[in-house]
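Peer 1: Sequence:
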Amino acid sequence: MTRFRREVIFGIAIPFIYLVFELGFTHQLVSVLSGTASDEILKGLEFWARVISGVGLGLVCFRLKLFGRFSDLVRLIAFVSLGIVVMWNAQRELTEYLVRSAKPEDKQAAVALSLVAKYAGEGRLRLSTGEPVIWGPLDRAEKDIVMALFPAAALHTTGREAQFTQWVFEHGNFSAGLTMTTDMEYNAYKNLIIPPIVIGISLFFALLNISFLVGTLANLIRPGMRWPLMVMSLLTLILVSFVPRNALVDSPGYLNAMRAGLWKEKPVLGALVEWSSQTAPAWSFPSYVAHEFLMGGYSFKQPRLPWPSG
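Per this note's numbering: the sequence shown ends with 311, consecutive numbering throughout.
Hints are supplied without guarantee of correctness; some may be wrong.
BS3-like, lysine-lysine: derived pairs with alpha carbons at most 25 Å apart [what the hints assert, rightly or not]: (1) K191 - K66; (2) K104 - K267; (3) K66 - K108; (4) K104 - K302; (5) K267 - K191; (6) K119 - K66; (7) K66 - K265; (8) K44 - K119; (9) K265 - K44; (10) K267 - K108; (11) K191 - K44; (12) K191 - K265; (13) K119 - K108; (14) K302 - K191; (15) K119 - K191; (16) K265 - K108; (17) K108 - K191; (18) K191 - K104.
So the derived label-pair ranges between C-beta atoms look like this [as the list claims (entries may be wrong)]: (19) I10 - G131: 46 to 52 Å; (20) F68 - V269: 43 to 49 Å; (21) E162 - E123: 35 to 41 Å; (22) A14 - R246: 35 to 41 Å; (23) L65 - M185: 42 to 48 Å; (24) G297 - A14: 40 to 46 Å; (25) M185 - S72: 48 to 54 Å; (26) I42 - E94: 18 to 24 Å.
Since the hints were made in silico from the structure, they are not lab data.
Positions of the beta carbon are idealized from the N, C-alpha and C atoms, including for glycine.
Kindly generate the complete structure, drawing on both the sequences and the hints.
Peer 2: The structure is reproduced here in structure tokens:
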């Protein structure tokens, strides 16, 4: 196989197919997680998040030209398999760590936040000080992203018990007969932590692979330009994602009452929330195109496996 053909197949075609799946999955992910998902749906999303991001990690390792004495096909299969194993275990351990480290009051707070996330997306929530929680107005994609990430962003709001009680009563979602069960709290907390984990990791590998794709195209046109263009394109992609003012993490409510507590109590979650909040809106349109047009609106569901997938 000629060098040109190898580059087209392994450096352009395969990464492009991966990016379609990664971005398409991200679009469905945001749409589903903007509401409260059942445990079965969450498991399905976790399954595909681990597999697809694992493929992304494998492609990154493949492009680093490690173990170059083996054929490209053997290296690709080996690195993709290894990437899936690594991301499967890494995301599972991260999720379990965040669940284990959660206090009972964190899980109770997650239930309250699940009741008002919709109103955050509509720009109707304000702090007790009168500051808006969200910059508005928002388009449909931004609303879904805010609704998916707001519960995690607001988990450690200053004076959260009083603030959450105010929000719940103000927006008519409180039922005097509502009894919070352990399962309800667990599901609400999983709904809170899964969006920033899977959205953040998915888009991280998507941006990495886009930059490698640009580097490959540049190398075909002018050999020797792969790495400079790859680094420049990655920095540009991150800059494009972070320059626009963000509806959630740049709002007065988040900066003045939510950010400090989140980073103090759960810095890993804080980093994932801010990364996801910045990158998801920037890539919402490409994600929409990938999912609705290139994939025909394919629905990612957990396949039936002969072994446990937890």
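Peer 1: Taken at face value, is the distance from the CA of K191 to the CA of K267 at most 25 Å?
Peer 2: holds (15 Å)
Peer 1: Does the hinted range 40 to 46 Å hold for G297 and A14 at CB?
Peer 2: violated (19 Å)
Peer 1: Does K108 lie within 25 Å of K119 when you go C-alpha to C-alpha?
Peer 2: holds (18 Å)
Peer 1: Straight-line Cα separation of K265 and K44 no greater than 25 Å?
Peer 2: violated (29 Å)
Peer 1: Measure nothing beyond the straight line between the CA atoms of K66 and K265; if it is 25 Å or shorter, mark the hint as holding.
Peer 2: violated (40 Å)
Peer 1: Could you see if the CB distance from L65 to M185 stays within 42 to 48 Å?
Peer 2: Hint holds: Cβ distance 45 Å, inside 42 to 48 Å.
Peer 1: Lying within 43 to 49 Å: is that true of the beta-carbon distance F68 to V269?
Peer 2: violated (32 Å)
Peer 1: Given the proposed pairing of K104 with K267, does the C-alpha separation stay at or below 25 Å?
Peer 2: holds (11 Å)
Peer 1: Taking the beta carbons of M185 and S72, is their distance inside 48 to 54 Å?
Peer 2: holds (52 Å)
Peer 1: Is 46 to 52 Å a correct range for the gap between the Cβ atoms of I10 and G131?
Peer 2: violated (58 Å)
Peer 1: Quick check on a hinted range of 35 to 41 Å for E162 and E123, using CB atoms only.
Peer 2: violated (23 Å)
Peer 1: With a cut-off of 25 Å on the C-alpha distance, tell me whether K119 and K191 pass.
Peer 2: Given pair K119, K191 holds - Cα atoms ~17 Å apart, limit 25 Å.
When each numbered hint is compared with the structure, violations occur for hints 1, 3, 4, 6, 7, 9, 19, 20, 21, 24.
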